[in-house]
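*Asks:* For the protein sequence lines, the chains are A and B, in the order given.
The first sequence begins at 1 in our numbering and counts up by one.
The second sequence begins at 1 in our numbering and counts up by one.
Calculated from the structure, these hints are not laboratory results.
The beta-carbon is built from N, C-alpha and C at its ideal position, and this holds for glycine as well.
Heads up, a few of these hints could be off.
[Stated by the list, open to error] To be clear about the criterion: a stretch of chain A counts as covered by chain B if any three or more of its residues have a C-beta under 8 Å from a C-beta of chain B, and this derived list gives those stretches:
{"no.": "1", "segment": "35 to 48"}
{"no.": "2", "segment": "144 to 153"}
{"no.": "3", "segment": "262 to 268"}
[As the list claims (entries may be wrong)] Derived, one-sided and incomplete: chain B residues facing chain A with beta-carbon distance under 8 Å:
{"no.": "4", "residue": "Gln59"}
{"no.": "5", "residue": "Met67"}
{"no.": "6", "residue": "Asp124"}
{"no.": "7", "residue": "Leu139"}
{"no.": "8", "residue": "Val212"}
{"no.": "9", "residue": "Asn221"}
{"no.": "10", "residue": "Leu370"}
{"no.": "11", "residue": "Arg372"}
{"no.": "12", "residue": "Leu396"}
{"no.": "13", "residue": "Ser405"}
{"no.": "14", "residue": "Gly407"}
{"no.": "15", "residue": "Tyr409"}
{"no.": "16", "residue": "Gly412"}
{"no.": "17", "residue": "Gly507"}
{"no.": "18", "residue": "Thr508"}
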Amino acid sequence: MISRLFSPLGKTFAVCCILFFVTRVMANQESQPLNTVAENSVQWQQTLKAAQGQSVYFYAWGGSKAVNDYLRWATREIAQQYRIRLIHVKVTDPSEPVSRLKAENGRTSAIDLMWVNGENFAYLKQQNLLLGNLWSTIPNSAFLAVDKLPIRVDFGEPMDGLEVPWGIGQFNFIAEKALYPTTQISAKSLLNIAKANPKTVTYPRPPEFHGTTFLKQLLIDLTDADPRLYQLATTQAQQELLPALWQYLDLLHPYLWQQGQAFPSSAAEQLLLYQQKTLSMAVSFNPNQWLKEKSTQQISETSVRRYFTDGAITNSHNLAIPKSAPSPDAAKVVINFMLSEMAQQKKFTGSWGDPAVVSSLFDEKATMPAHPELHSSWHVLIEEVWQQRYGG
Amino acid sequence: MAATIRRVRSSARIRQIALTSGWLLVFLISLLPILGIVVGLWPPEQVTFADLKPFLAYQGLSVSIFMTLFSAIFSTLVSLYIAFMVYSQYHLSQRLQSFEKYLAPLLSLPHLAIALGLVFLFSDGSLFFVDPGLPRKGLSTLILAIVIKEVPFFLLIFSAIGRQLPIKYWLLQGKALGYQDYRCWWFLVFPPLLKQSRLALLAAAAYTLSVVDVSLLVGPNIPELFAVSVYRWQTSFAAGDQALAFWANVMLVILLAVTVFILYAHEKLAHGACKSLATQGSRFYLGKINPIFTAWLPMLGLLTAMMVVVFALWSFGFNWHSDSLVLTQLTTKLWQDEWLFFSLPLQNSLLIGFFAGLLGVALALLALELQRQKGKYWPDYYWLLAIILPQLSMVLGWQIMHIWSQGGYHSGWIVLSHLPFTFAYAYLVLKGPFLNVEPRYELLAASFGYSSWQSWWQVRFRLLLPAVFTAFAIAFSVSISQYIPTLMMGAGRVTTITTEAVAIGTGTQQDLIALYVLLQSILPFMAFFVAALLARRFRGSMGGNSVRDY
């Protein structure tokens, strides 16, 4: 009785839903030039069907409880919605899957999906080890906020559909409010803070990624974001731009933690020192980590987020499928889920706090003013000269 | 008549087959490390001598190599001497005869946990910080952490060796000749003990030389320790780094060879010194500080207890640096949350550790028995290659071979990949006791008509039982602590408590790190504790051919 009463209503509702969906997809197609297979296309339905009952081994860093918890949630959702088993292979270093793919040398891989960016991606791309056309075969990649975020390029290397952005990293400080009163910091203000509060400032030892980025931010500040920083580093540009950084570091190092005779090995270690109140600042690539750490009382209530005057160096962390993955279809379905509004929303609002990369959820307030990455040649150069001058 | 001859012949053939297959098995396992390093280090891209130049020009390389070598040799030798003095204090006291069981908690905390606990308790900004305190990063902190961890290990080895040595008679003889106690120890007990613990020394030094996680946490990093550089290059795929990694690994193998050489030289020197001191009758003040070391174990026990309390409080959400210090905030929420996720890894660890440990001990006994029958023992470092060679390259080689074999990813492979390590550690524990088993007992058994197999099983093995328990406990805990082989061979299909703990350890969440440190220590703790209790029940023989052995 009840079901008969409700069935017409149900039909109307279904029609409304479809209409809504179609208009939304059309709206998206208008705003986005991305050519992507549609959610209801035959091709995607085949992918969904092929994916059922498969397992996806996802190689991802396992050091963060927030990320691990998020992936536990995603595992449950994906199992329910798509009957796919997602298994998080917790690695300590993102190079572990790269090294495995190299060892496998094209044989059927143990990896279905991996969390990757930067030099590891560049290497995999150059070695031709990644599955292509991800953007055009995964429906939700149509909604990526490519016009608002620098997410088509990964450290100067075009993604070319070989990886899909999953979230955003922005370089920032987690710092004590009393010592870092202004929202933005410059190289000059940082030096003054270090002088006034010796032994409380430091950075992870380059070539640790956060440490190198810290040096890049200083270089941008000290050279007023010279346009040559975003091109291949010529000898002349090196000679004109880099000395400012080394002169600055020569001034700064005596005031650093351990007088610059030792550095934290990682951003994680620096945060532990900050938690113990040995340091007045820590570095992070997650723009919302400070909020999350505060809410779980891992850091003091007076902690705030600070970023460099020219904007925070921004990059994306991405998902990729090896060419030799045993279940590429299921891996695509998992990526599609990770880009869904629900998953992106949960990633941002949950304990992880990683900003969304899809247009509908893009929020100016969730991110800081973005600054593009330097050309990768500068990255190598900074690390090499730093090692020469301070590392030995 | 003919039938008897045929029977004898066929039994001889069976014996021959058994011997051959035994050798084959031992060879296969002991060759795995060499195979691994050859395949793993095989230059993938064209590595040329031109790449040697940037490697040698790397800023701070010589200091880094020197510091690494120094810390390995120094911490090992300091641990050895401290352990010997502690052992001399405990050996003769009736009450403390079974001090092994007190070692269980010390042995079961991973190296990294000890380093973490040390800096939390005693370095800048810590609970018990007294200026200048322990440097947060420095050679002294690294060496201290290693010494704290290695002394109990050496004590355990001494105790396994000592059970089969007629130490009491030596001391009695020494006293009869008018030597004081401490002189007897140094001149009569130390030389044989040093010789028989050579394998343990090699293992400890090789560990310190190539350890990455502890070096990253408390080691100096201007310049960084060599093992850290090697690890960084090996895991980097930026242009040129793989070539650097190749030469760095070659360098690491050279350093390991140098370490082996220095330890052998030290042994020779120490023997010479003991001999000349004993014969010249000159004064020997150094030996007199012995009694101080009675306090070592209680102090270390206290330290361990403090660390465990700190970790436990962390895991219950206690925060030393929050503004309000109240114990009522403690909660078991994290334990409840994680319970679902750590029970399976814990179970996997237990099973893999059990089988890898058992097989490792069995193979070590087999290798020793085969060598005894042949009457010739191979050089020690050959059996310890799995511990001595750079682990990352070696396991990479296994991974490549495993992928060639296309054998899937079940836990059998993981047991196999742990086997070279458990075998090597079991061998290093068992060799001393095995050599010292009193041969007269077996002779006696043979005269009673026992077959050689019966006499081996019922006499030799029975006498070795305490050492076998110790060997199993060490092999088991070595298997539990393996991260690289478990991940690289298991490809994430089989998670153990260590794969979880190591991944968590790279993060920032203290409560979770502490929880996994405790979980990681539980299984080894049980193994060491039970082994100590059992070893006490089955005492070994005293006396034997050891006297003429050196």
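*Asks:* Quick check on Thr508 of chain B please, does its C-beta sit within 8 Å of some C-beta on chain A?
*Replies:* holds (5 Å)
*Asks:* Do the numbers back the hint for Gln59 of chain B, that is, is its least Cβ distance to chain A under 8 Å?
*Replies:* holds (3 Å)
*Asks:* Would you check chain B against the segment 262 to 268 of chain A, counting CB to CB pairs closer than 8 Å, and say if three or more residues qualify?
*Replies:* holds (count 5)
*Asks:* Measuring from the C-beta of Arg372 of chain B to each C-beta in chain A, is the shortest one below 8 Å?
*Replies:* violated (39 Å)
*Asks:* Is the interface hint for Leu139 of chain B satisfied, with its Cβ closer than 8 Å to some Cβ of chain A?
*Replies:* With Cβ-Cβ at 11 Å, over 8 Å, it is violated.
*Asks:* Against chain A, with CB atoms and a cut of 8 Å, does the hint on Asn221 of chain B hold up?
*Replies:* holds (5 Å)
*Asks:* Three or more residues of the segment 35 to 48 of chain A near chain B by CB distance under 8 Å?
*Replies:* violated (count 0)
*Asks:* A closest beta-carbon separation below 8 Å is what the hint needs, so does Tyr409 of chain B meet it against chain A?
*Replies:* holds (6 Å)
*Asks:* Holds or violated: Gly412 of chain B as interface residue toward chain A, Cβ cutoff 8 Å?
*Replies:* With a minimum Cβ separation of about 16 Å from chain A (threshold 8 Å), the hint on Gly412 of chain B is violated.
*Asks:* Under the criterion of a CB-CB separation shorter than 8 Å, is Asp124 of chain B in contact with chain A as hinted?
*Replies:* It holds, given that the least Cβ distance between Asp124 of chain B and chain A is near 6 Å, below 8 Å.
*Asks:* May I ask you to test the interface hint for Val212 of chain B with respect to chain A, counting a Cβ-Cβ separation under 8 Å as satisfied?
*Replies:* violated (10 Å)
*Asks:* Min Cβ distance, Leu370 of chain B to chain A: is it shorter than 8 Å?
*Replies:* violated (34 Å)
Comparing the model with each earlier hint shows violations of hints 1, 2, 5, 7, 8, 10, 11, 13, 14 and 16; every other hint is respected.
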